[in-house]
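Q: Here are the chains, one letter per residue:
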Amino acid sequence: MDYKFALAFGLPIGLGIAALGVGMGLGRAVGSAMEALGRQPDAMTKILIVMVTGCALIEAIVIYVMVFAYGLVGKI
Amino acid sequence: MTEAHTPNPIPEFPNVLSILADKLEGQPVAHFLLQWESIIFSLLVIAILAAAAYFATRRLKMVPHRFQNATEALVEAVDGFICSVLGPRGRKYTPFIGTLFIYILAMNYIGLIPFFKSPTADWSMTMGLALIVFVYVQYTGLKEMGLLGYFDHLMGKPRGVMAWTIIMPIFMFTLHLLGELIRPFSLSLRLRSNIWGDDMLLAMLAGFGLKGLPVLFLNTLFVILAATIQAVIFSLLTLIYFALVLVHEEGEQH
Chain L
1 MDYKFALAFG LPIGLGIAAL GVGMGLGRAV GSAMEALGRQ PDAMTKILIV
51 MVTGCALIEA IVIYVMVFAY GLVGKI
Chain Y
1001 MTEAHTPNPI PEFPNVLSIL ADKLEGQPVA HFLLQWESII FSLLVIAILA
1051 AAAYFATRRL KMVPHRFQNA TEALVEAVDG FICSVLGPRG RKYTPFIGTL
1101 FIYILAMNYI GLIPFFKSPT ADWSMTMGLA LIVFVYVQYT GLKEMGLLGY
1151 FDHLMGKPRG VMAWTIIMPI FMFTLHLLGE LIRPFSLSLR LRSNIWGDDM
1201 LLAMLAGFGL KGLPVLFLNT LFVILAATIQ AVIFSLLTLI YFALVLVHEE
1251 GEQH
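Protein chains in written order, with the working numbering: chain L, 1 to 76; chain Y, 1001 to 1254.
Chain L on its own, in the form it takes in the complex (with noise of 0.2 Å):
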């Protein structure tokens, strides 16, 4: 097995992954948004400005583990 066969198999699965815990994490910060809108609908604007903050700095994460697999994948 060389570094080939292992970074053509371990760069996917390492990205989804990535994704696989992003996804749960946006989840959980949408669905808890959701419930405060569900409590209090006029405070709407001041929710939507946290959750699109909170939103991009957890979606930054995956982007960075995909900036370092665009890095490998020329390797292969």
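Think of the hints as simulated: they come from the structure by calculation, not from any bench. It is possible that some hints are incorrect.
What the hints assert, rightly or not - Not everything, but these chain Y residues come out facing chain L in the computed CB check (under 7 Å):
#1 ARG1190
#2 ILE1229
#3 ILE1233
What you are looking at is a predicted structure, and each value in this text was computed from that prediction instead of being measured. C-beta: ideal position from N, C-alpha, C; glycine also.
Based on these hints, arrange chain Y on the given structure of chain L.
A: This is chain Y only, laid out in the frame that chain L set:
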């Protein structure tokens, strides 16, 4: 255009400068154009923003009219938001954060025009912006709290029993220092990867020909939204870093 032996795995749109560099193949101007294409596009963005600012303030009226009205509304919204987080002393930092926001927004949008490329899709541009933010925040922190107060802040303000266990402040100090040092990387990589990934996605979808036209349209709308959000996130995080460092000792509550 000569085809490379291996196809380029990263699809990319051709822009004005790369087409020009292809036409002038072999001359040193071509290499110069390809190397500095982000800087040239960002200079174009600066020229557009400067022209817009000039036209907005040309004949200042007390009761503003149309373009000056829109510009004043934007500046007031940004200023109100910054002062609501930083307090009345935040007025000093509004030019920096507001310019960062408008500049990054314009740079993100200019990639959507055909034959132009977003300068923020280049890691060197975003790293430059993130380094400016990092240096400015550290300088503000050192000026606000003094050198000793700054180290105290980095150690998490140990008081009482926690200060005597030497290992805890050193641990907290290392953790905080690493957290501070990773900030330029996270800021720059977040912005760059979002914009570059969007550009690459659009280029890949355009390679599917006419069949992918509705998907391309939807994706362009999504890219506009993502570009706006990323500009907001960058300036919002800068604002939060300032707020963390500009702590007041008097009990100011927001």
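Q: Hint by hint, say whether it matches the structure.
A: Each hint tested on the structure:
Contact between ARG1190 of chain Y and chain L, as hinted, is supported at the beta carbon level, the nearest pair being about 4 Å apart and thus within 7 Å. A hinted interface residue such as ILE1229 of chain Y counts as satisfied when its beta carbon comes closer than 7 Å to some beta carbon of chain L; here the least separation is about 6 Å, so the hint holds. Taking 7 Å as the C-beta cut-off, the interface hint given for ILE1233 of chain Y holds, the closest approach to chain L being about 4 Å.
The structure fails none of the hints (numbered hints given earlier).
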